Each structure stands twice: as C-alpha cells, then as structure tokens.
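One line per chain: the protein sequences are A and B, in this order. Its first residue numbered 2, the first sequence is counted upward by one per residue in the working numbering. Its first residue numbered 2, the second sequence is counted upward by one per residue in the working numbering.
These are calculated hints, taken from the structure and not from any lab test. All values reported here derive from a predicted model rather than from experimental measurement. Hints are not guaranteed to be accurate.
One copy or two, it doesn't matter: identical chains are merged, so the pair holds either way.
[Said to hold, decoys possible] EDC-like, lysine to aspartate or glutamate: derived pairs with alpha carbons at most 20 angstroms apart: (1) K9 with D303; (2) K44 with D117; (3) K138 with E104; (4) K152 with D296; (5) K299 with D262; (6) K43 with E205; (7) K85 with E73; (8) K7 with D303; (9) K32 with D81.
Okay, here's what each chain looks like letter by letter:
2 protein chains.
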Amino acid sequence: MRKKTKGKSGKDFTVGLLQLAFSENTDDNLKKAVSWVDKAAKKGAQVICLPELFRTQYFCQKEDVEFFNYAESIPGSSTDAMQKAAKKNKVVIIVPVFEKRTEGIYHNSAVIIDADGTIAGLYRKMHIPDDPSFYEKFYFTPGDLGFKSFKTKYGNIGTLICWDQWYPEAARITALQGAGVLFYPTAIGWHPHEKEKYGNAQFESWQTVQRGHAIANGVYAAAVNRIGHEIVVPGTPGLEFWGSSFICDPQGVIIAQGSVDKEEIIMAEINYKHIENIRQNWPFLRDRRIDAYGDIEKRMID
Amino acid sequence: MRKKTKGKSGKDFTVGLLQLAFSENTDDNLKKAVSWVDKAAKKGAQVICLPELFRTQYFCQKEDVEFFNYAESIPGSSTDAMQKAAKKNKVVIIVPVFEKRTEGIYHNSAVIIDADGTIAGLYRKMHIPDDPSFYEKFYFTPGDLGFKSFKTKYGNIGTLICWDQWYPEAARITALQGAGVLFYPTAIGWHPHEKEKYGNAQFESWQTVQRGHAIANGVYAAAVNRIGHEIVVPGTPGLEFWGSSFICDPQGVIIAQGSVDKEEIIMAEINYKHIENIRQNWPFLRDRRIDAYGDIEKRMID
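If we strip away everything but chain A, and leave its shape as in the complex, we get (with noise of 0.2 angstroms):
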C-alpha cells in the first residue's frame, strides 16, 4: 500500500460494535451495555457503538402510549453512565436513546460521548419506518438536526441509526462532512413466518446497501444489530433479530462480520491510508456532477 499524502488527513482508530441481546429489564440493559464497554475497551477497541435503542426490547412491535415511559431525557441516566464509561475506559461511545424531547416529542437518537466524557453531538433519526411489528412512526417524530458528522478525540465519525441506512442520501451527505466511518446503530430482525423463504434476501438487502453506500463515498460503514427473539405483544411470532453485524472498507468488502445469535464484539481498524488509496484509484468523489443533482430534493419527478 502507498504512504498517504501529506496535508489533511484522520488519525487510524479501532472500531468495536457491541452486538448483545436485551432483557425486559432497562436497569439491567444499562449495566450490561457498561460491561461490555469496559470489555471492548480492554480488547482495544476506541470507538464503540451499541444497537438501536439498547435499553429496550424492541417495543415497536406495538402502538402503546405505555411504552412512551421508555423515553428518557439527554442527559439522562443511559448517557450520565456512558459518559462516566467513556471517561473511564478512554473511548469514544455512541449510544442510542429514546429521546423524550417534551411531552409529545420522542426521537430515536444517537449521543456521541467523547473520550473525556463530554457529550460531543446529538443525532436524531431523519427516516422513520413503519411496518407491521415495526411501527416507529407513532413512537418517533423524524429528526431536525440533519445528517451530521462529529469529531471526537480518535475521529471524524458519522453516525445515522437503522432505517437510514436504506438512503442513500444519507450516507452521501455524512460523508461529505469528513466522517471515515459510518455507523449504523440497528434493530432488524425477520418475522418468522418468513425467515425460511425470505430471510436470505432480505439479510442480503440489508448488507448490500450498506456496503454499496461504503462504495460510493470512499468510507467505512459498521452496522451493530442486536439479538435474539423478541415477543413483545404475548401470543405473536414477535421478531429474530438477526444479529450479523458488519464492518466494511471503502471497497464495501467485508473485514468483520459476527454471528446471527451470539454476543460479542466486532473490531476492525478505520485507516485512513487505505481510505486515500481506495478514493485516489476509484476517484468518484472528484468527479460528482453536484450542478445537476437538484431533482434529488423531489418525492418523485413526473
């Protein structure tokens, strides 16, 4: 591989994705999620990224005003104990909240705790699903902020959360703010009346997009599911969340991937100097025709 150029560039980091499972209990969530930040910092890694709205089983699975109890403020209690992980351990933490705003203004968002424990950016979910079991749309106003990279003591990093990641235009205009990485705190599971005939496809969907937004922007992309079978109303099939969290290179090939029902850590390095060999080979960055992309901003053009 080629030296990097001189002038602008990040610094190399350690990603580590905690792909876990989550009780019914939020208070034993936290401290699990604790736990394995302590563990993830000790193998090394810097920069570490729980799944989607870790504190929780995945309550979407219903439309229930009693799950709005599950929201919490920012600072709260999730953030106040990753900030003092954070600052123990030295790293970098993403961590998902369901954001309580007001009364009646709930985000799914994303808090980048710096390595000091300082919060260094808020990101609130831009696109909402809503499909049966998983019907975010009445627990989730869509975000405000825009799409947002944040610099942190190890890197330029951007994060987006879940459904995001099927657009395109999100991954685009995080990266063109400088992130090396882009994290997608996730909760995807199959319904498994379809897992046998559709599973495949739809894992393959899911990953494909993700390592084509890697592609297209010259960047890293790191996905973290959680795992395990959820039943949140008694008596459905509930959801399989199917783990398989993923890092890829800029190229979109896989360097780590886990397993469908285990918990674990998924580690890779972000290096920036096969970032610039990937975008210096396959320059598609310099070459944007950004006069002409405007009809981007339509629902549809006809």
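Guided by the hints, dock chain B onto chain A, whose structure is given.
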C-alpha cells in the same frame, strides 16, 4: 406473490443485454451488433441494450486526436442501422454512440430507439472518468441533458453509462422519473497486472454498488459490458474487459449473469408486480426526507 394494485403502473417486458467483443473494424462491429439484435429479438427480448462505445475498441486507453475520427453524428450510421433493426424486429434498442455534437464537442452518449424505429431520446454520460488507460476526460464533454428516463413502447426505462454507475444520485434521479429498469452500458476491465490481486474486489465493488442502487430505488438494474483483451496501444498490457453483464431485481438479487469471456445474450423479465411488491414491503421511497437533502449539491461540507 400478491396481485398488483390498480392505477398507474408499467407493463412487463423482457430485457436482452448483448455482451460482445469488438474489433478494430467499426463496420464489422456494427454488422455484428445488428445480427445480435436480430438474434435477441428472436429469443424474445423486447428492450435490447448494447455495451458502451460498441462501434470501436475502447480507444480511451490513449489520448490521441486521431481517435476523434471515430465520432459520429446523431442521427448517423449507427442510429440508421439500429433504427432499421428496431423497426424490423419491433424492439427498443439502447445504442451507445461516440457523439460528435460540433467541432470540439464530443459526448459519450446513448440513443434510445423505440420499437417503431424512431428516436425516443438521447442521454449523454454525465460522469466522466479519467484513470490510467481510461482517459475519457480527453474525449468526452460531460453531458448537459441531466439524468433521464424514457417512455418507450414496452415501458419506462432509464439509461446511464458506465462511470455513472458509481453515483447514487444518478440512479435516484433516473428512478424518480418512473424507470422500472436502469440500464448501464459499460466498458470496464482489469489492468492485467492488477487482475490477480485486486480483480475480484474490483468486480465485487462494481456489482455491489449497482445492486445497491436497485435496492435503494426498488428498480431492476441491467449492466452490459464488453468482453475481450484489447491492446489499443501496442506494447502496453491493454485492458481485459470482464464481461459479467448482469441483471438484478429490485431487491438486488442477481437474476441473470453472463460469463467473463463469452459473447452472449443476458435476458430477464422486468416484472411490475414484483417491483410493486418489493416497494410495498420495503417502502423506502415513501420515507425519503426531501426537506433535508440539499447539501448533496455540495462538493464537500467542510
């Protein structure tokens, strides 16, 4: 599969991609292409697409003003022959042309010929590459017609050309115009000395990013590449075009793929029930945040 809903929709049609090798003789190349159009039509193809710059070998391996002599007008000899072939066979043909627009302005274009032999539209390659042995910026003025889809006898189709395939914006804006399939006439190959070490990753990137466009937009994607080892500059290693033309469905599943080194027709059906089914179950187009994509018109956000 569920039935289609009523209301606006497309009719199904069959696509045929002509994966061919091309010689130094531009007349032979045209004759060969016409005979393969006949063959594809007999096999049932209704919308047929030729590889990029099919009249010539891939001359952009060198910057040489002599090669501007390959350029032709629209209409010209390529479109004349293909208009006849289209009318005779009642097929739509996508005809890549090295277009002479005026002295000193040349484009890498694609003419869409309708099934009655009339010219249905013109696309001029918007993103122009420039890499060792792919010196396209020397020859081709970037397109000024924008991204387009075209209503033909058999359906609404989009066409982009080669380097465009790395740009999610191009796919999105074309798909938003109603195209059910994005065609990518292509000339992509390996530098022989890179093939063993990087060849597979390069091919994988190329295919993955296009599968990603299909997934993100809920459309079919159809890329048609040439085959053959072309040495335009004697004494150089030349380029090994990798064939592997393919068609993927709106979930990114490869439904037809050609060989690396054989002339052949790659065919598949564009099925609107399938498009609708995928788009209803994975409703990405519904949730686009068109209020938040403006920054995509920036080079970099720094």
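Please work out whether the CA atoms of K152 and D296 approach to 20 angstroms or closer within one copy, between two copies, in both situations, or in neither?
between (31 angstroms within a copy, 19 angstroms between copies)
Have a look at K138 and E104 and pick one of within, between, both or neither, based on CA distance no larger than 20 angstroms.
So K138 and E104 pass the 20 angstroms test inside one copy only (16 angstroms; across, 56 angstroms).
Which holds for K43 with E205 at a C-alpha limit of 20 angstroms: within a copy, between copies, both or neither?
Neither: 32 angstroms inside a chain and 35 angstroms across chains, both beyond 20 angstroms.
Can you give me the call for K7 and D303, within, between, both or neither, at a CA distance of at most 20 angstroms?
Between. Shortest inter-copy distance 18 angstroms satisfies the 20 angstroms Cα cut-off; intra-copy 47 angstroms does not.
Alpha-carbon proximity between K85 and E73, which holds within one copy, between copies, both or neither at 20 angstroms
Result: close within a single copy only, 18 angstroms intra versus 69 angstroms inter.
Checking K32 and D81: alpha-carbon separation at most 20 angstroms within a copy, between copies, both or neither?
within (12 angstroms within a copy, 73 angstroms between copies)
Tell me, please, which holds for K44 and D117 at an alpha-carbon limit of 20 angstroms: within, between, both or neither?
The answer is within: 19 angstroms in one copy meets 20 angstroms, while 67 angstroms across copies does not.
Homo-oligomer pair classification [D303, K9; C-alpha up to 20 angstroms]
between (43 angstroms within a copy, 12 angstroms between copies)
When Cα atoms must be at most 20 angstroms apart, do K299 and D262 count as within-copy, between-copy, both, or neither?
neither (40 angstroms within a copy, 41 angstroms between copies)
Hints 5 and 6 from the list above are not met by this structure, while the remaining hints are.
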